[in-house]
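Novice: Residue strings, one per chain:
Protein chains: 2
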Amino acid sequence: MELNEALAKLAELQKKLYAYAAADSALYLDGTTVAPKDTAEGRGVALGVLAGERHKLFSTPKTGELLDYLWARRNELDQLHRRQTEELRRSYAQLTRIPAEEYMEYAMLTNEASDVWHRAKENSDFELFRPVLEKLVAFNIKFAGYYDSAKAPYDALLNEYERGMTMEYLDGFFSTLRERIVPLLHAIGKKEQPDDSFLRRHYPVEAQRKFSDYLMEVLGLDRAHCTIGETEHPYTLNFNNKDVRITTRYDEDNMNFSMYSVIHEGGHAKYELGIRDDVQYTCLAGGVSMGVHESQSRFYENLIGRSKPFIEAIFPKTREFFPEQLSDVTAEQFYRAVNKVQPSLIRTEADELTYCLHVMVRYEIEKQLIGGALAVKDVPETWNRLYKEYLGVDVPNDKQGCLQDSHWSGGSFGYFPSYALGSAYGAQMLKNMERDIDVWGPVARGDLSPVSAWLKEKVHQYGGLLEPADVVKNACGQFDPAVFADYLEQKYAKLYNL
Amino acid sequence: MELNEALAKLAELQKKLYAYAAADSALYLDGTTVAPKDTAEGRGVALGVLAGERHKLFSTPKTGELLDYLWARRNELDQLHRRQTEELRRSYAQLTRIPAEEYMEYAMLTNEASDVWHRAKENSDFELFRPVLEKLVAFNIKFAGYYDSAKAPYDALLNEYERGMTMEYLDGFFSTLRERIVPLLHAIGKKEQPDDSFLRRHYPVEAQRKFSDYLMEVLGLDRAHCTIGETEHPYTLNFNNKDVRITTRYDEDNMNFSMYSVIHEGGHAKYELGIRDDVQYTCLAGGVSMGVHESQSRFYENLIGRSKPFIEAIFPKTREFFPEQLSDVTAEQFYRAVNKVQPSLIRTEADELTYCLHVMVRYEIEKQLIGGALAVKDVPETWNRLYKEYLGVDVPNDKQGCLQDSHWSGGSFGYFPSYALGSAYGAQMLKNMERDIDVWGPVARGDLSPVSAWLKEKVHQYGGLLEPADVVKNACGQFDPAVFADYLEQKYAKLYNL
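Protein chains in written order, with numbering that gives the first Met the number 0: chain H, 0 to 497; chain B, 0 to 497.
Misleading hints may appear alongside valid ones.
[Unchecked claim] Chain B is nowhere near these chain H residues, computed Cβ spacing over 12 Å in every case: (1) Tyr91; (2) Cys225; (3) Pro441.
[Said to hold, decoys possible] Chain B regions said to be covered by chain H (calculated; three or more residues, Cβ under 8 Å): (4) 29-39; (5) 222-234.
It is worth saying that the hints were derived from the structure and are not from the lab. Don't be surprised by glycine CBs; every beta carbon is placed ideally from N, CA and C.
Just chain H, same shape as in the assembly:
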């Protein structure tokens, strides 16, 4: 085999993998947005077959030979091809350990599970979801062994979302955060709370849709390359760096939910749209890890979106979309309301401070589920106990409890810690950004372009070209969760006069 021939085959392989991913994405997007209700079965058949075909394509020994050949000649490859080969070898090694049949079965299961979870959540019926969740957990334990049998199963899964992440590190990380967040929370508990009742006035969906359009404009999202849809659980889906979709959900009695979900998903979209052209249709397209992805979404959502300069910049326009609802509200009141700290039930509606506690509950449960220390049937009870312990709230039902998130139904175990890691990465990125450029002057004028340009340069552009840890280092320097804790303390000291 000539090197050029091998490189052509490498490109062809990756284009095929892109095509299968695009097919999956289109079916998923359809299934979660416009598809008629009783149509999961047919989509499941298609997704199962496509997963099997992709599996066959990627796991054939010929692929292994091609990758070995290229790896042996890696010194002759440019950075792009070397990195592609390295990443594909890693995926190949992992995938070839999963039997094709199990892989297909799992693809069909997650499709079914999504449907069942929706119905279970709607009816707050954990028993409906339980058998499916049991299968999902069993699959993930088995897959963890395939991924890396030398690791504890949950460590092997964590590694999927943030390479190198371990329970040992996260136990330390979360206990640092908990030690600093819990006292803050107690101090705030003694202070007077701002009034945020105006956020829960009646906000018609149509006006909220227009407000979302405005927010996307402020974020600098080009609508010719990024649309917004509506789903039960908001998400970002990327076909390529010219085609990204975000979704949100409109709650007429809570304008805050869609507002911050749009900014959050918009942050994910900014990342995907900012990735360089020359990695498209390769395994290096797309964000590098879940932790880094969440650092971007939560950067826009919290560090910018819940900052005072940002609120002051957008509030006059916000009031134009909701003149009746916000006529008696000032920017200062709005700022305080969107930063009100209040232990609550729903992660996606949590304030910036208690958010990490929501993540810790999930981390704790996943660790035990995958470690075999907790049975699926006991999830609701454990969930409710931990919410009481960490957040001091009573969970009234599973809809507002352990059925609230879609992640498990999609087969994601080990994803949740990325949210907390991302928050912490982001705080450190902000600190460095403030050193490099004038962040708050432009933001106060509603201009996010310097912020976006900095993030594009330090994070977005690379896609998967660098290792996740190197991207973090590039933007954060030596990662230190204390920077995030410092940020929280300073922010809430001012807000609550601590």
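We have chain H already, so just place chain B on it with the hints.
Specialist: Relative to chain H, chain B alone:
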């Protein structure tokens, strides 16, 4: 190979073909509805690769061997498997004549063409579309040779949409219709025209959307298995008999357009939803031919949807959706308005009588384009000349002329005659239906279920289990276009006092 093993492989092959078709459909649906504007490139890459993979899967010699093996043992097969084998052998023979590269190139071309056509139509710029159309025509001429080199190229393409159809037959068919329609048209031209100006009052999109929901209810379309979307050009897309989508377009100055496009596409959807379960995920799923498909859509649209009993049944409710716009209108006036005969520019807005003349223009042009007697650059001129000759109208621009339809941009040459054939099949089905059951009593009460049950029994249920000609025979008896001409004469004699 054991027979059982071969049958299992046959099922697996068809499930894979279903999965690729579902992936295509999901990407197409997305591309025509919610996808951001500048995203055709990435979708084209995916569609091209998937087309290549499907091609490879289906055209491998192993597939040929499997089909030959089963065909040799066809006497041992039940009807379903025998028919599947027969159909797949036909497709295999045809497909293996198209080189894989050309097949992939063509898939990417049609994706690009759809995008270019949209822009060309928007700007009424035929020159923009011309180079793409030239490529499409060249491909189709080449493909026609692959399909059946013994046939004239256009005959080979016609055969794709309605098996056995030829220019010779269609020349006769269309001249029969023309001989009966043109005198009718002249007679009507001397009569007073009904007032239909109220159809072009201002009809807000939101109210039209609700009206569409109502129409789907009247048609008996179960929304858990059939949704409605919005696209430039309305279409029906079927994943399987439990998952069908229709689309429409809302024109605020013309309530008739979406009304009859919904009923038309609804007719296609009824067909797909009525197909038996045991042919799903096989090559026999889906309507049997374009002509039979159009017979169903145009049955609901015209024979039922533009009938007096139907209008009388739905008019009171229609007025509730549009109280201001229709307050001074009676059911009789509405009936006359939706049946007003007036030679016009746009096929999809044409009345039932002149519709076939629109089809004839396209038939004539396709015949010459594929036959090599007409250059693509001369299409606009020829189009305009034929519209003047057949319909007596002057075409002011290409947007309202040869750029109006999406078919050619999707690579469909030879489809248009199906519309006229379908209309003629439908008229004969109605005649037989009236013999079998009470059609108009229930329709006058807004109850379409007996009509739908008859069509389901005679047409829908079979899917591809019978040959198209046998489905036509089953529902029509010996096909005779004169029945359609009789129907038109009787209908318009009453409407216009001829």
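Novice: Hint by hint, note whether the structure agrees.
Specialist: Structure-based check of all given hints:
Residue placement check: Tyr91/H keeps its beta carbon more than 12 Å from all beta carbons of chain B (closest about 19 Å). Listed as a non-interface residue, Cys225/H fails to keep its Cβ farther than 12 Å from every Cβ of chain B; the least gap is roughly 6 Å. A cut-off of 12 Å between C-beta atoms confirms that Pro441/H is not in contact with chain B; the least separation is 26 Å. Under the rule that three or more residues need a Cβ within less than 8 Å of chain H, the assignment of the region 29-39 of chain B holds, with 8 such residues.
Residues of the region 222-234 of chain B lying with their CB closer than 8 Å to a CB of chain H number 6, which satisfies the three-residue condition for coverage.
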